[in-house]
Amino acid sequence: MGYTFHTSEDQRIMLEAVGANSLDDLIEQIPPEIRLQRPLDLPPARGELELTQHLENLARKNIGAGSAVCFLGGGSYDHFVPAVVDALASRGEFYTSYTPYQPEVSQGNLQVMFEYQTLICQLTGMDVSNASLYDGGTAAVEAVLLSMSVTKRSRKVVTVASVHPEYRQVIGTYFAHLDAELVTVPATAGVVSLEDLAAAVDDQTACVLLQQPNFFGCLEQVEAIAKIAHDRGALLVLAVDPVSLGLLKRPGDLGVDVVVAEGQSLGTPMSFGGPYLGIMACREPFLRRMPGRIAGQTVDRRGKRCWVLTLQTREQHIRREKATSNICTNQGLFALRAAIYLTAMGPQGLRETAELCLRKSRYALERVTGGERWKSAFGLPTFKEFVVRDRQCKVREALDEAVRAGILAGLPLGRWYPDLDDCLLVAVTEKRTKDEIDRWSDCLLGRRPTA
Amino acid sequence: MRNVRASQLIFELSKAGRRAAHLPHCDVPCRDVKELIGDEHRADAPPPLPEVAEPEIVRHFTNLSQLNMSVDTHFYPLGSCTMKHNPKRNERLASLPGIIDVHPCQPDATIQGLLQLLFELQVMLGEISGLPAVSLQPAAGAHGELAALMVAAACFRDRGERRTKVLAPDTAHGTNPASARMAGFDTVTVKSTPAGLVDLDDLRAKLDDQIGVFMITNPNTLGIFDGQVAKIAELVHARGGLIYLDGANMNAILGITRPGDFGADMMHYNPHKTFSGPHGGGGPGAGPICVTAALGEYLPVPVVRRDGDRYSLDFDRPRSIGRVRTFFGNVGVLVRAYCYLLTHGAEGLREASALALLNANYLLSRVRHILPVPQGDRCMHEFVASAAALKKERGVSAMDVAKRLLDYGFHSPTVYFPLTVPEAVMIEPTETESKETLDAFAEALFRITEEPADLLHEAPHTTPVSRPDEVQAARRTILKWTPC
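If you're matching them up, the sequences are chains A and B in order.
1 is the number of the first residue of the first sequence in this note's numbering; add one for each residue after it.
1 is the number of the first residue of the second sequence in this note's numbering; add one for each residue after it.
Since the hints were made in silico from the structure, they are not lab data.
There could be a bad hint or two in this list.
Unchecked claim - Calculated Cβ distances over 12 Å to all of chain A for the following chain B residues:
#1 Q8
#2 L78
#3 K191
#4 D208
#5 G240
#6 G287
#7 P422
#8 E458
As the list claims (entries may be wrong) - Derived pair list, reagent style DSS-like, types lysine-lysine, alpha-carbon separation capped at 25 Å:
#9 A/K249 - B/K15
#10 B/K191 - B/K206
#11 B/K15 - A/K322
#12 A/K61 - A/K156
#13 A/K322 - B/K34
#14 B/K34 - A/K249
#15 A/K156 - A/K375
#16 A/K431 - B/K34
#17 A/K322 - B/K206
#18 A/K152 - B/K435
#19 B/K34 - A/K375
#20 A/K434 - B/K34
#21 A/K322 - A/K304
#22 A/K61 - A/K152
#23 B/K34 - A/K61
Bear in mind that the values here come from a model prediction, so they are computed numbers and not experimental data.
The beta carbon of each residue, even a glycine, is placed where N, CA and C say it ideally should be.
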């Protein structure tokens, strides 16, 4: 039931041209003793209709944001995706092409990469962007490795407990093989204290890795932390929520050296965690240490403006073990989606999206903390996420109850922070209506929904 | 039809006051944002993104798409990349509600269907590879290599062994040595014989007690199955090392032979190649890895487990190397791979591989009279021809041939890789092409070799742009648009 063409006559002619009697003659390079002597043990082949029914059955066993009301965040968000994003990214000329190795027949993809890089620079205020990495976590690792290479300090990196725990775990995994130490400064108040951070950063520190808004939704003092890092010769790597930049100051205007982000918020569905895209942008002097594909402008032989993959001597297919990273592909399709999304939003649309997130999130926080049971965990300004603490310490029961009411009410933090076991991380995007927020808070407060 | 007037950047179409998206009115109390976010955090103005209307966006990106060659529009015999047909059903099914709208941190009870799918995919990938322990987490082939090398390093550490070297043949993908370095190993290159196989004498000479992993691509990047692989595994295992199979070329051997049966301890798949996931203009891919049962406890977290008819994400794996990315994996790509496997079944997969071999061998039989194929008359799923003679006799390079093919309406093969073949032209037709297409490609190649050298040096002639000045692009780097 595959996608092949040959009639038996085609096959006969082709085998004859090859000088083979049968298809089995073509595997003669494989020694008989290592050939598989039985059919693979796999489910039977299904036609398109049966396959569709099977997948629909599996999909029905899941509760997604389309059938429940989603207040989950922590790096993946239920933002609105305009139809133009799906319609344009579904063009086969985009999604069935590959890395633009032949620029003459890839100007579409190359121009998209160039436009994406420009949009990311406009969004972040940084000098240069690559054409994307895998996801937020691996982008954070690459930024840390870049910092180690730029500063020639390969043993120590400082981060904060308010950075996405999975980013920190990923860095920990990589560091276990590189003889480097990741020092994590606590953020018990919801943000890091400048004194604690200053005490941890020394002249061996390659960079400080910070997140804004941080994992708890709170706002860190980025500019002051940049100064602490720079005073000791370290870089500041900042992980951001791209949507927040509709409202917050741009990292490039705050002294940040490298910006990374989970790009999912920019027009990519949640899809159980991937594929997404890792955003990475930096200051110009670090360009040649940046990993990943980069598109550059040039001219063709007739002097016409065009685009190519450039600075490839950084990359693994040229430099092999001396490359800046082992990364090969970028996330082209999702960089395209991000580019279309940012273009469709424009400055006003992105600002309004960010303002809606902010106002709705604040409304939700105030509403749920208006009762006896929940209180704001940190009492600090937040953007679209916040942490609430359950005075009854029954977070899991509350979540189960909410699922029964068709609400994915928040992320329990105990999985990553044992001392926040009674806390819930809640995300409120522009999609959540007042009615949904009211139902959510009623549910968490144990009230009957106001019908 | 391509619009010849469309040549502007989206930024050049921008005009203050235009917009596409209109957000809803705020239905909660519309408080002043200055009250909610302090001046020290709030920007005075939104970022300077372009301002364009929806019709302009649609036309702009549609016109851009038409400047690309793609599998949907052209024969794309890019060696090592397996540019096969991307089934439309898989696109639709990966976008079903209940799959595409699932948050990565939902309770297991709300995602039983998805976990079942991923568990079944783990089992199928284990069966196809003969390596039963599977992680779906890595985001790409190179990421899978890195994760598996970390698994190996963790295993050596547990055994109390200090093994510092990764060996790979000179025909290996560049990602192999780059991944080895990121996993903390030194890399050593092993020579190939003139026939394109691993030079066993050179391997023996470089084997010592420091060997950690031998990375092999089999079939290799020359499109040859190295029949010595079991012997190689024996030599490496005898020194306590492990064998890693770079699964880039799995499309040649599905159901025919299994890496676990020829001595591999670890491998990755490229589902965007082998299992038809689209390449997306350069990603996303995925890089699931399979390892022996003994190495399974070191795999990244989480893995999907089944207890009776309940599925869950297992994070409680004390010897795991840990996480290698955020969240579970490139699930959209994995769902497409699952659909591909269920569409084919065991017999269909074996047939797909057999027909990939038939197409490659048939094309080889037509091409070798035009461009010599140094490594023989037979191949697996791809072969590497050489334009060295053409270059010597007429000054026409592999690049010239590649560029001229574009004028004939074919995407170019991979050129100048592997590095061991001078003027390499690496051709992988895949099984989803007809005899007529292969004949037309061979005919175009023949006609090109008869054309005047000057015409070829200037090729392509009919594409949206001619050859770009890559030297200028690297010297005077312009990496973003700036207002004049």
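Taking the hints in turn, this is what the structure says about them:
The non-interface label for B/Q8 is inconsistent with chain A: the shortest C-beta to C-beta separation is roughly 10 Å, within 12 Å. Not every beta carbon of chain A lies more than 12 Å from that of B/L78, the smallest distance being close to 6 Å; the non-interface claim is violated. Residue-level check passed: B/K191 sits 15 Å from the nearest beta carbon of chain A, beyond 12 Å. Even its closest Cβ contact with chain A, about 19 Å, leaves B/D208 beyond 12 Å, as expected for a residue assigned away from the interface.
Residue placement check: B/G240 keeps its beta carbon more than 12 Å from all beta carbons of chain A (closest about 19 Å). Residue placement check: B/G287 does not keep its beta carbon more than 12 Å from all beta carbons of chain A (closest about 10 Å). The beta carbon of B/P422 sits about 17 Å from the closest Cβ of chain A, which is more than 12 Å, so the claim that it is off the interface holds. Interface exclusion of B/E458 from chain A breaks down, the closest Cβ pair being 7 Å apart, not more than 12 Å.
For the given pair, A/K249 sits about 23 Å from B/K15 by alpha-carbon distance, which is consistent with the 25 Å threshold. Among the hinted pairs, B/K191 with B/K206 is consistent with the structure: their alpha-carbon atoms are about 10 Å apart, no more than 25 Å. The hinted pair formed by B/K15 and A/K322 fails the criterion: a straight-line CA distance of about 45 Å is larger than 25 Å. Between A/K61 and A/K156 the alpha-carbon distance is near 45 Å, which puts this suggested pair outside the 25 Å criterion.
Of the pairs offered as hints, the one joining A/K322 and B/K34 is violated, with about 49 Å between alpha carbons and a cut-off of 25 Å exceeded. A hinted pair counts as satisfied when its Cα atoms are at most 25 Å apart, and B/K34 with A/K249 qualifies at roughly 13 Å. A hinted pair counts as satisfied when its Cα atoms are at most 25 Å apart, and A/K156 with A/K375 does not qualify at roughly 37 Å. A hinted pair counts as satisfied when its Cα atoms are at most 25 Å apart, and A/K431 with B/K34 qualifies at roughly 22 Å.
The suggested pairing of A/K322 with B/K206 holds, with an alpha-carbon distance near 21 Å, which does not exceed 25 Å. For the proposed pair A/K152 and B/K435, the alpha carbon gap of about 56 Å is over 25 Å, so the pair is violated. For the suggested pair B/K34 and A/K375, the alpha carbons sit about 23 Å apart, so the restraint of at most 25 Å is met. The suggested pairing of A/K434 with B/K34 holds, with an alpha-carbon distance near 21 Å, which does not exceed 25 Å.
Only pairs whose Cα atoms come within 25 Å are accepted, and A/K322 paired with A/K304 is rejected, the gap being roughly 34 Å. At roughly 51 Å between alpha-carbon atoms, A/K61 and A/K152 are farther apart than 25 Å, so this suggested pair is violated. Using a Cα cut-off of 25 Å, the hinted pair B/K34 and A/K61 is violated, with the two alpha carbons roughly 44 Å apart.
Of the numbered hints listed earlier, those contradicted by the structure are 1, 2, 6, 8, 11, 12, 13, 15, 18, 21, 22, 23.
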